[in-house]
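Participant: The primary structure of each chain is shown beneath.
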Amino acid sequence: MTGRILSHAELIELIDLLGASRRLIGPVRRGDHYFYEPVAGAARLALDAPQCVYSPKSFLFPPEETLLTFEKESGRFVAQPVLHDAPIALIAVRPCDIHGIRLLDHVFAAPPGDAHYEARRRQTFILGMDCAEPCRAEAFCADMSANTAHLGFDLMVARLAEKLEARATYAIEAGSETGENVLAEFGRGRAPGAVDEAARAERAARKRQAFPKRLRCDVDELPMALQRGFASKTWAQTAQRCYSCGSCNLVCPTCYCFNIRDDISLDGNCGSRVREWDGCQLRDFALVAGGHNFRSDPAQRLRHRVMRKGRWIQDRTGLPGCVGCGRCDGACTAKISIREMFNALAEEAGHDGD
Amino acid sequence: MTVIESMEAGVRTSPYVSTPARVLDVEKLTDLETLFVLEMGHGRALDHRPGQFVQAWMPGIGESPISICSSPTRGRAFELCVRRVGEVTSHFHRFRPGDELGVRGPYGNGFNMRSLEGHSVVVVAGGLGLAPARSVIQYIIDRRDHFDQFHVLYGTKTPADVLFRHDLSLWRHSALMNVMVTVDRPDEQWRGRSGVVTKLFADLPPLDPDRTSAVVIGPPVMFKFVVIELMARSLPADRIFCSLERRMKCGVGKCGHCQINSEYVCTDGPVFTYERMRSLPEAI
Amino acid sequence: MKPRIAIFSLTSCEGCSLAILELEDQLLALLGGVEIVNFREGMTERAWDIDVGFVDGAVSTPQDEEEIRKLREHCRTLVAIGACACLGGVNTLKHQQPPLEYREYVYGAGAKWFPTTSARPLSAVVKVDYELPGCPMVKEEFLHFVKCALTGKQFRLPADPVCTECKKLGNLCRYEKGELCMGPLTRAGCRAICPAYGSVCEGCRGLLGADAVAAAREVFPARYGVPFDRIADRLRLYGAYQDDGENAISGVLQPSR
Ligand SMILES: Cc1cc2nc3c(=O)[nH]c(=O)nc-3n(C[C@H](O)[C@H](O)[C@H](O)COP(=O)(O)OP(=O)(O)OC[C@H]3O[C@@H](n4cnc5c(N)ncnc54)[C@H](O)[C@@H]3O)c2cc1C
Ligand code: SF4
Ligand code: SF4
Ligand code: SF4
Ligand code: SF4
Ligand code: SF4
Ligand code: FES
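Protein chains in written order, with the working numbering: chain A, 1 to 354; chain B, 1 to 284; chain C, 1 to 257.
One chain only, chain A, in its complex shape:
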C-alpha cells in the first residue's frame, strides 16, 4: 500500500503548509449548508462537509471574468488579455467534483487552449476527499462511476476511522508529482501498517455497500437509452414545469457554456470583453439576430441539456458529462430531476427492446 497515514492534527498541518504559498479554499459551514470559500487557515474548514451547495468550479471558471481590456484611439485599437494565475489550493474536493474539473480541463485545454482557464488551473492544487457514503438522496455518483476518483487530484484523502473527527485518521495518496513533492516536504505521518491496511479494506467494503443503485440502467446503457428516447413524450411532459431558469446549468460542475459581452467606458475610448456563465436551458441561448431561436421550445432545451449530460459530452470527450452529484435536482425549484429523466428514458428504451 502506498501513501501515508495522517492524524487529524497532521492533516490540518498539511493543509496549512499548502496554505503558506497558496490561497486556501475549502468547505465552510453556513447554517445547515456548506460552501467552498477562501479561508485564512485550515482550522476554519469543515473537512467532513458532505457536499458543498456549489461545486468549486467558480474558482477555476468564475461566473464573470474580464477576458481582455482595450483602448481605442483615432480608429485604431489595442487589446490586452487579462490572465489570473495566483496560486490556490482547493481543499476537500469530493470525487464528483474532481470528475467535473477533469471535464472542464479537457474542454478548456482542447486547442486552441483557453489561456484564462489554463492560467488559473496550472496554479491550482487539488486535495481531494473521498466519500464513504452518499452525501444526499439526489446523488447518483456511484451509478455514474464518479464516487471515486483515480485521476485529477494532487492529493487524495480518505478518512479511515469514522469516529470523532479529532481522533480520526486519514489515508493520503499522491495523484501527481506536485502532490508527491508536497507529501515529501511535509514529511509527517507514518507509513501504513497492517492495522491501516485492514481499516482501509474495511472502509472500501463498506463503501461498496453504502451507495444504493439509483439509476435503473447501467451507465454504459445510458447513451443508447437517451438516443432511442430522442422523440420521447417525456421531454414535453416534463418541460411543462420548466421555467427555463438555468439554475440546473449554473450549479452543474460539468456545465461550461458562457456568453461574452463588451463593456465600454462613457467616452467610448476604452473598455473590456467580459465572459459570464450561460446555460442552454435559458430561453435565448440559441437565439440569433432576426429573432430565430433554434431551440425555442422549453422541451427542446430540456432535451438538449439531458442529452448532453447523458450522452453527447461522453461521445465528444470520453469523459462523463454528468457526475451524478444531484445538484441540478436540488437546485430545480420546479423539481425536475435529471436522474428521474434518465430513469424514465431507460425504462422506455427497455420496453422498446422487449
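Calculated directly from the structure, the hints in this document are not laboratory data. Only a predicted model underlies this, so the values are computations on that prediction, with no experimental measurement involved. There's no promise every hint is true.
[Unchecked claim] Simulated coverage check for chain A against chain B, where a stretch passes if three residues somewhere in it have a Cβ under 8 Å from a Cβ of chain B:
#1 28-38
#2 105-111
#3 254-264
#4 267-273
#5 278-286
A virtual CB, placed ideally from N, CA and C, is assigned to each residue, including glycine.
The hints should help you fit chains B and C with the ligands onto chain A, whose structure is shown.
Facilitator: Showing chains B and C with the ligands alone in chain A's frame:
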C-alpha cells in the same frame, strides 16, 4: 516591448484577443449588404479555406461571425459581405477605408477543396449564402482545370436582394462555368428567371453521380428542397456539402452556443455533409 | 452639445425619488456638463427640448395623465423607471380595495377632494421607448442605460431570470429554507438583491415571459400545494400590468378558470 508587440504576444496566449485588420475598400451591394475588403494589420494572409469564417470585432460593441467571401487564391486581402441586421452588423456598416476592426480566425472546417477535385461541382446558393459560396466559386475559377463541369445556381427573394451583381455578370459571360440566377418575386425590370432555386435544376445537364459534388448554402428551407433534387439525381449524401449557421460567441469550441445536438458548428462545421446532417435531428 | 436629460416624477413612493436624487449627483459627477432639467416641482409653461426624459411613478390621477402626455411630446426618448412607471407598481394594489377606502388611507379625511383614476404604467397612456423596472429601480442599470445612450450602444434588458444572478453570486436558494421565491419568473438585473440579503424575490422587475408563467401554473399547485391564484396575487403586488412587448404576457395573471 511595444504595446503592439505585447498585444501580439496576447494573441498567442488568449484565443479571444483579436488582431487588428484594416478596411481597404467598401462597396455597397444592396440596401442591407455591404462588401468590405480587409487586410490583416500584420500584413500576412489570413491563410483560410473557402467556407471558413472570422469573428469580426467592433471594440466595445461586440463580435459577429462572418464568412470569408473571397478565395485564398486571391492574395493577401480578404473580403467580408455583411448584412445589417442588428447592433454589431450596423456598426460594421459605418466602417470606412482606413478604419480598423478586430479579427479572430479563420475558424471552422471550411470546404475540403482537394476532395472535390476531379469532380463536377454544383454550387447552390440562396440569399446571403452566395457570400460563403463565392469563396468556393472563386477558388474553382482559379483552379478551373482541376474540376469537371461547374454549375452555379443562385436564388433570392427579389431582384433587389441579388448580391455580387458584378461578379455574376462576369461569371455568366465566362466560358468557365454555367451560372443560373432566379428570383422568387420578380419585378417589371427583371429579365431573368423567376421561381424558387430548385426550378433551375430542370436545366442542368446530366451529371455523373459518382463524380459530382454539391455545395449548398442558404436558408434552412432551401436545404430541404435542394437536397431532394440532388438525391433525385442519385448524388450520394456524403457528396452534398452544406454550410450551417448558429449563434456563436467563442468560435473555438468552448462556449456551447453553436451546438446542433452533439456537434459544435464553429469547430465541427460550419460545413457538414448531408449524410452527417441526416443524423442530427436539429440540423435543419 | 451635451444631451439634455430630464427627470420627472408622477405618483410614486419615496424610494425611487431618493434613488433619483442620488443618481443626479452621480450623473453630474460622471457627465460633467450634461444638462439635467428637473421637473419634480411640476410643469411650467416654458418650452422644452429634451433628449431623454426619465419618468418614475404610475399614472394615477388625471393630472398625471395630462403631464405624461405633455412629457411625451417634449421628450425625444421617453424612459419609464421603477416598478410603478413600468408595471403600475404597488399603486395597483388599490385595485384590490374599494376606492374610498384607499383614498382615505392615502389622503386622510380629505379623500373626496382627490379623485384618482386606476394606477397604470406609463405605457398604458403613452408610447414608452425604454423601461428600467424594479422597486426601486436599479441604479447600475440606470447608469448603464445612460452610458448606452451616450456611446450609441444598444440597451437591452436582461432576458434571463433572477435565478441566474443568484447562482452566480453563490447564494443559498430560498427554496432550501422552504420559502417560495419568485426569482425563476422574474427578470434579472437587480443582482438578486433580495435573495442575497436573505429574503425572497417578489418579482418587482416584472415577469420574464409567458413560458415561465405557464410553468408556474404547473409547479405551484402540483409540487408545493399552493394554488396559482395565490402566486398571482403575490406577483400583482408590483403590478398587474405586465407586458414585455416581445412576448405579450398581460393577462397571464388573471385568476385561472
Ligand atoms: C458561421 C457563420 C457565418 C456567418 N456569415 C455571415 C456573413 O458572411 N455575412 C453576414 O452578414 N452574416 C453572417 N452571419 C450571421 C451574423 O453573424 C449575424 O447576423 C450577426 O452576428 C448579428 O449580429 P448583430 O449584433 O448585428 O445582431 P444582434 O441581433 O444585435 O445580435 C447581437 C448578438 O446578440 C444575439 N442576440 C440577438 N438578439 C438578441 C436578443 N434579443 N437578446 C439577446 N441576444 C440577442 C445575437 O445572436 C448576437 O450574438 C454568419 C453567422 C455564422 C454563424
Ligand atoms: S455526489 Fe457522490 S462523490 Fe459527490 S459528494 Fe456526494 S457522495 Fe461524494
Ligand atoms: S447534470 Fe446534475 S447530477 Fe449531473 S453533474 Fe450536473 S448537476 Fe450533477
Ligand atoms: S432548474 Fe429546473 S426549471 Fe430551471 S431550467 Fe433547470 S430544469 Fe428548468
Ligand atoms: S433564491 Fe430565488 S432567485 Fe435565487 S435561485 Fe432560488 S428561486 Fe432563484
Ligand atoms: S430580487 Fe426580485 S423583488 Fe428583489 S429587487 Fe430583484 S426582482 Fe425585485
Ligand atoms: S461558438 Fe462557442 S462553441 Fe461554437
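Participant: Each hint should be assessed against the structure and marked as holding or not.
Facilitator: So, going through the hints one by one against the coordinates:
Counting residues of the stretch 28-38 of chain A whose CB lies closer than 8 Å to any CB of chain B gives 0, so the stated coverage by that chain is violated, three being the minimum. For the stretch 105-111 of chain A, the proposed coverage by chain B is satisfied: 3 residues have a C-beta within less than 8 Å of a C-beta in that chain, meeting the threshold of three. Taking a C-beta to C-beta cut-off of 8 Å, the stretch 254-264 of chain A contributes 9 residues in contact with chain B, enough for the three needed, and the coverage statement holds. Requiring three or more residues with a Cβ within less than 8 Å of a Cβ of chain B, the coverage given for the stretch 267-273 of chain A holds, as 3 such residues are present.
Counting residues of the stretch 278-286 of chain A whose C-beta lies closer than 8 Å to any C-beta of chain B gives 4; at least three are required, and the coverage claim holds.
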